[in-house]
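Chemist: One-letter residues, chain by chain:
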Amino acid sequence: MSSTTLDPSRRGTHAAGHTAGTLPGTSTGPGPSFLRVLNSEFIKFRTLLSTLILLGCTVLVVVGFGALSAWGTGQFSEAASRDPQAAAAFAAQGGDLAVGVPTSGIAFAQLILGSLGVLLMSSEFTTGMARSTFAAVPKRIPAFAAKLLVVMVTAFVLTAASVFLAGLVSLPILDNYGLKLDLSSSQSVKMLLVNSLYVAAVAAIGMALGSLIRNSAGGIMSLVGLFFVAPIAFQLIPGDFFVQARKYLPGNTVDPMTAVQHVPDTLEAWQAALVLGAWVVIPVVLAAVLLKKRDV
Amino acid sequence: MIEARGLTKVYGDKTAVAGVNFTVEAGRVTGFLGPNGAGKSTTMRMIMGLDRPTSGTVTVNGTPFAQHAAPLRDVGALLDAKAVHTSRSAYNHLLAMAATHSIPKRRVHEVIEMTGLADVAKKKVGGFSLGMGQRLGIAAALLGDPQTVILDEPVNGLDPEGVVWVRNLVRHLASEGRTVFLSSHLMSEMAVTADHLIVIGRGRIIADAPIQDIINGKGRIRTRVRTDQPDQLMHLLAGDGVSVELQDNELLEVTGLDPRRIARAALDGHVMIYELTPLQASLEEAYMELTKDEVEYHSLIATGAAAPVQSGGN
Chain A
1 MSSTTLDPSR RGTHAAGHTA GTLPGTSTGP GPSFLRVLNS EFIKFRTLLS TLILLGCTVL
61 VVVGFGALSA WGTGQFSEAA SRDPQAAAAF AAQGGDLAVG VPTSGIAFAQ LILGSLGVLL
121 MSSEFTTGMA RSTFAAVPKR IPAFAAKLLV VMVTAFVLTA ASVFLAGLVS LPILDNYGLK
181 LDLSSSQSVK MLLVNSLYVA AVAAIGMALG SLIRNSAGGI MSLVGLFFVA PIAFQLIPGD
241 FFVQARKYLP GNTVDPMTAV QHVPDTLEAW QAALVLGAWV VIPVVLAAVL LKKRDV
Chain B
1 MIEARGLTKV YGDKTAVAGV NFTVEAGRVT GFLGPNGAGK STTMRMIMGL DRPTSGTVTV
61 NGTPFAQHAA PLRDVGALLD AKAVHTSRSA YNHLLAMAAT HSIPKRRVHE VIEMTGLADV
121 AKKKVGGFSL GMGQRLGIAA ALLGDPQTVI LDEPVNGLDP EGVVWVRNLV RHLASEGRTV
181 FLSSHLMSEM AVTADHLIVI GRGRIIADAP IQDIINGKGR IRTRVRTDQP DQLMHLLAGD
241 GVSVELQDNE LLEVTGLDPR RIARAALDGH VMIYELTPLQ ASLEEAYMEL TKDEVEYHSL
301 IATGAAAPVQ SGGN
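In the order they appear, the protein sequences are chains A and B. Going by my numbering, the first sequence opens with residue 1, and the numbers climb by one from there. Going by my numbering, the second sequence opens with residue 1, and the numbers climb by one from there.
Just to be clear, a hint being listed does not mean it is correct.
[To be verified] Capping the alpha-carbon separation at 25 Å, the derived lysine-lysine pairs in PhoX-like fashion look like this:
hint: 1; chain 1: B; residue 1: Lys14; chain 2: A; residue 2: Lys292
hint: 2; chain 1: B; residue 1: Lys105; chain 2: B; residue 2: Lys82
hint: 3; chain 1: A; residue 1: Lys139; chain 2: A; residue 2: Lys247
hint: 4; chain 1: B; residue 1: Lys82; chain 2: B; residue 2: Lys123
hint: 5; chain 1: B; residue 1: Lys105; chain 2: B; residue 2: Lys122
hint: 6; chain 1: B; residue 1: Lys82; chain 2: A; residue 2: Lys139
hint: 7; chain 1: B; residue 1: Lys82; chain 2: A; residue 2: Lys293
hint: 8; chain 1: A; residue 1: Lys190; chain 2: A; residue 2: Lys180
hint: 9; chain 1: B; residue 1: Lys82; chain 2: B; residue 2: Lys124
hint: 10; chain 1: B; residue 1: Lys105; chain 2: B; residue 2: Lys123
hint: 11; chain 1: B; residue 1: Lys124; chain 2: B; residue 2: Lys105
hint: 12; chain 1: A; residue 1: Lys292; chain 2: B; residue 2: Lys82
hint: 13; chain 1: A; residue 1: Lys292; chain 2: A; residue 2: Lys139
hint: 14; chain 1: B; residue 1: Lys14; chain 2: A; residue 2: Lys293
hint: 15; chain 1: B; residue 1: Lys122; chain 2: B; residue 2: Lys82
In case anyone wonders, no lab produced these hints; they're calculated from the structure.
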């Protein structure tokens, strides 16, 4: 590698305002407005191969599980049609198993995109990138908010697109078994929107955890603990408290929000939305406050 | 200009920086010298608003860094060669940094050219050598064409060519009237790069003076003299604050008299001398002397601040 001598003439027009004798401390250009920081965070987001791979995996998994679930649902309905008792149970549920097919891969989408949320923030600290980021945006909160926005919007759009794609792929499979799925029905649209919002919320929680813990493994383990271990543990621990508490876990807020009718002994849709909102707002605010306070 | 007033940083029960005061002036290269763990990096992180001072303040051009309207355009810093996501390319890293201040792509290409990274700019930073990492850090520091440049150990891991390049770069930046604050534990490098030196040890400033004053150290000037008549010369030079050491048959080392006065004394006493060499302590020696004893630091600050003496501390 050859070293380049610094040639003042190559410093371009920019150097003109900064020659010897210039009064110090006078910036000659724009600073970090929120839109610029957002642009920067988006550049950072799309220039990591690992991020793109995780996004690709999400699409594959959601579409794959949609197709698999369409096949499984078809098999089930075929079996049910030969068994009058099962057919009755099937009909009692509204007969609409197919509407849940496109969102059957959500559990995996939330795991991948939640982990991505953790990684995008924790890697800032593990790689030292945070020093560059927060030297450029010393107020810190705009960078955090911009990253949060990028993560949440991406998670929402990607989940929505994947679910829609999963729906399209499962249509011919369901058709094979004589099942109807209307992707434009209000319930289908509701399922798609609520699940996409939910995954965006999980990604936000992941990012907050990544920011609080500043460690990739620790952040992802906490996320898995909250979304996969806690629901099972709460079910196994005897006692009324845990039965009640289980309803308030973030992972259990989706069913009440997408239910056609309110199921007894579950949260109302609006309650579930508030609970999920709290699960996002509290860690995010905590992460932002501590990010502002702690040393980088 | 960087001004630290009572700047203190305490981590748990360890005081990394203990109430330091210093001013880094524009238009010259100020070296920040100290052993590992002396508090150099902590001080620099506090300047950049990354670490919050436990007490005291530090400002750049009169304003704390975090309150600058366009921080990257005012202050550029290389704090850590690896302050980069290892999976991102150098170009994309600089592009993302530039985007925060709407710095044009043209400038990104400029700093890449300037730092000699053109061949590797599209490669992942994770595969960079330490030297290339340093170049990228310097490129990032120069991105906003800042008035103040802070470089923490910039020559670490650079090849000799790179070391010379950094030296020329910082001298050039200072000659343009910029504030250049450079840390290093390589004293020989400081001796040829810096104009002014701030020496820190165990979190305290132990010297803050022009580099020449620190090398001269407490005004002790040593001169090597060769003469046929050492005994006679020793007699002629004897006086208050002067010590003469006979090192060899015809070789004397005189401390406390400048060469001119030695020559005059020899001439007056009709003693022929055939060598008269002013001996300069190297920065290493001066530094070792400084860090030897805490008490001596204070005495140096006192004399250094009162009057940057040329000769004779007496």
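Chemist: Run every hint past the structure and note whether it holds.
Modeler: Outcome of the hint check:
no., hint, verdict
1, Lys14/B x Lys292/A, "holds (23 Å)"
2, Lys105/B x Lys82/B, "holds (22 Å)"
3, Lys139/A x Lys247/A, "violated (38 Å)"
4, Lys82/B x Lys123/B, "holds (15 Å)"
5, Lys105/B x Lys122/B, "holds (14 Å)"
6, Lys82/B x Lys139/A, "holds (22 Å)"
7, Lys82/B x Lys293/A, "holds (23 Å)"
8, Lys190/A x Lys180/A, "holds (17 Å)"
9, Lys82/B x Lys124/B, "holds (12 Å)"
10, Lys105/B x Lys123/B, "holds (18 Å)"
11, Lys124/B x Lys105/B, "holds (19 Å)"
12, Lys292/A x Lys82/B, "holds (22 Å)"
13, Lys292/A x Lys139/A, "holds (7 Å)"
14, Lys14/B x Lys293/A, "holds (20 Å)"
15, Lys122/B x Lys82/B, "holds (17 Å)"
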